[in-house]
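Visitor: Residues per chain, in single letters:
Number of protein chains: 2
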Amino acid sequence: MHAPLQNDSFLRACLRRPTEHTPVWLMRQAGRYLPEYRATRAKAGSFMGLATNTDYATEVTLQPLERYALDAAILFSDILTVPDAMGLGLSFALGEGPKFAHPVRDEAAVARLEVPDMNKLRYVFDAVASIRKALGGRVPLIGFSGSPWTLACYMVEGAGSDDYRLVKSMLYSRPDLMHRMLAVNADAVAQYLNAQIDAGAQAVMVFDSWGGALADGAFQAFSLAYTQRVLKQLKREHDGQRIPHIVFTKGGGLWLDEIAALEPDVVGLDWTMNLGKARARVGDRVALQGNIDPNVLFAGPDQIRAEVTRTLESFGAPVGPDGQVGGHVFNLGHGISQFTPPESVAVLVDCVHEVSRRLRRPG
Amino acid sequence: MHAPLQNDSFLRACLRRPTEHTPVWLMRQAGRYLPEYRATRAKAGSFMGLATNTDYATEVTLQPLERYALDAAILFSDILTVPDAMGLGLSFALGEGPKFAHPVRDEAAVARLEVPDMNKLRYVFDAVASIRKALGGRVPLIGFSGSPWTLACYMVEGAGSDDYRLVKSMLYSRPDLMHRMLAVNADAVAQYLNAQIDAGAQAVMVFDSWGGALADGAFQAFSLAYTQRVLKQLKREHDGQRIPHIVFTKGGGLWLDEIAALEPDVVGLDWTMNLGKARARVGDRVALQGNIDPNVLFAGPDQIRAEVTRTLESFGAPVGPDGQVGGHVFNLGHGISQFTPPESVAVLVDCVHEVSRRLRRPG
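Residue numbers (the numbering used here), protein chains in the order written: chain S, 1 to 363; chain X, 1 to 363.
FYI, nobody ran anything at the bench for these hints, they're computed from the structure.
Take the hints with a grain of salt, since some may be wrong.
Same chains, same names: a pair is fine if it fits in one copy or spans any two.
[Stated by the list, open to error] The calculated DSSO-like cross-link candidates involving lysine-lysine, where the alpha carbons are at most 30 Å apart (straight line), are:
#1 277 <-> 250
#2 120 <-> 235
#3 120 <-> 250
#4 235 <-> 43
#5 235 <-> 250
#6 232 <-> 120
#7 232 <-> 277
#8 99 <-> 277
Isolated chain S (complex conformation) (with noise of 0.2 Å):
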């Protein structure tokens, strides 16, 4: 049995529930930002050797939470365990962005795709199970991964792309050989997720972080169409409690409303987009994660508070005029950067709660 939720304020903000102050956590809180992060992926050799183990994978979960009052944990792992678990073979320079060794370009590689054995995730489950346990119920836990269309970009092109001509062109030529691969890739996905939920992720989380390279019309076929299949096979509940879906399209504002239409608990915006419009269009039926520039980090305390507040009061009172509680989880637009100084994250932190139990007041 887990030992019962200390603060809830996530979750209930996820499920348009008022709270008290508007949750914070950041996409890549975890991370290289942090001297005890770096000095514990220096003990595990590299970043898959970290991810792979638990013990590590639990420490590095659980350091921001030592520094920062956050109101969620993140599993630390990386969004294309999927496809490495398919035989792509993954892997990590330092200083460098994700690599496969066996990228997919061509119909005979297509054709041997499939979902993978989930024993060869293991390693994944075992972690959420420790980070729960190690959690305590301090804070809820989140689980993740890639969404189809952004690992179909990695798995083709083998590596990140400033211009994805590799998977769009196939996109162009072979339609068929590209939804073929987002067929499997949305059924791994969605295993994978629901075995997440099972070890103990209390929300899960689709990171759509290329969907913003797409056209119009590919976005929805190619992307949209294959998050939704992912949607519709995850668990809405486990031991009782519901577990809320988040959907984070980079780049993804022009298409909020189609992303709201999938009828995920959570949508995650950038920082391009107006929370404020944002919660017009789409906020009764949706909550919103974001959304500051991570650059904003760099800036003195002053500034940071300042754009913090903005923030707060571009999305307005949790209680909007008609009543409706409007579901705010205040994040970065982005994942935070290496170069971020530790202390900018405390203030932010603090400045959300502060800032947002002043917004609840009456009057």
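Chain S is already provided as a structure; the job is to place chain X on it using the hints.
Guide: Chain X in isolation, oriented as in the chain S frame:
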């Protein structure tokens, strides 16, 4: 005196006047994907050697017109010539992007900035005059510059960036410095584009390539306000001819209404924006330019034709149900890739003409 214009479809579409077909040109149409460009580039020795030599710049500007039935030419140059003239030392290492020898990173460097003597950019105006003459009235010539914000990105970062950490650090911590830099840039860009108009440019385009990297709020204050400062100073006519102004903000779809409110003649769109929706929102005030994904050109001829047709149809019939003429200039949503097969461009250009003529036929 200039030779009379034989094909003014581009200028008419910019001003929302009827045309027999949808005019088409491609961002970076004179460039590395063409073997004849690479040959001239090799003779010139370097990118700046090419751009600063009137004969070479004229030669490469006309190369794509020899191959394809394009409806406009665009000056061969770079968006960063203005900061180079400010003394920042622009260079291009082979296979890499632009680099500045003297980036602007502190108060003293910002204080030193001023609008450069336009004589330092004489090579650009000479190229404009030479190209205009060489065109002999075949199609109109477009001049261009980077936007104040996009110039500032490169001036602070010193090169391309994937996170804009340095320029955004300055923006958030020292907005006073950023505003001063942008004011200088805006006045310099306005003088620069007016001098291109005097030299023979028949339309001018402002490339806000990195506007889409900004947060909502910051975009309006640090990009849009200074694009407006440029537009307010630009000549509207020359030699009795109206000079269309084009503003292209990559990733600016969420701010379309605000960009159109600046009253340029044309707003450029990248592929994330639905052309039909954009037309419904602002098509009574501005013409639209765009917006196919350049990666479509890696597919086969049938798929290219299907995507071109879809794009033309998404804009819709040139004369709307209300009798309103809609201005559409066909283009990519960003620069053409250096890896593009040249024969794909012929398929695209011919298809735009053929299908858009068909769309104009009654019933």
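Visitor: I'd like to know which numbered hints this structure contradicts. Please list them from smallest to largest.
Guide: 4 and 8
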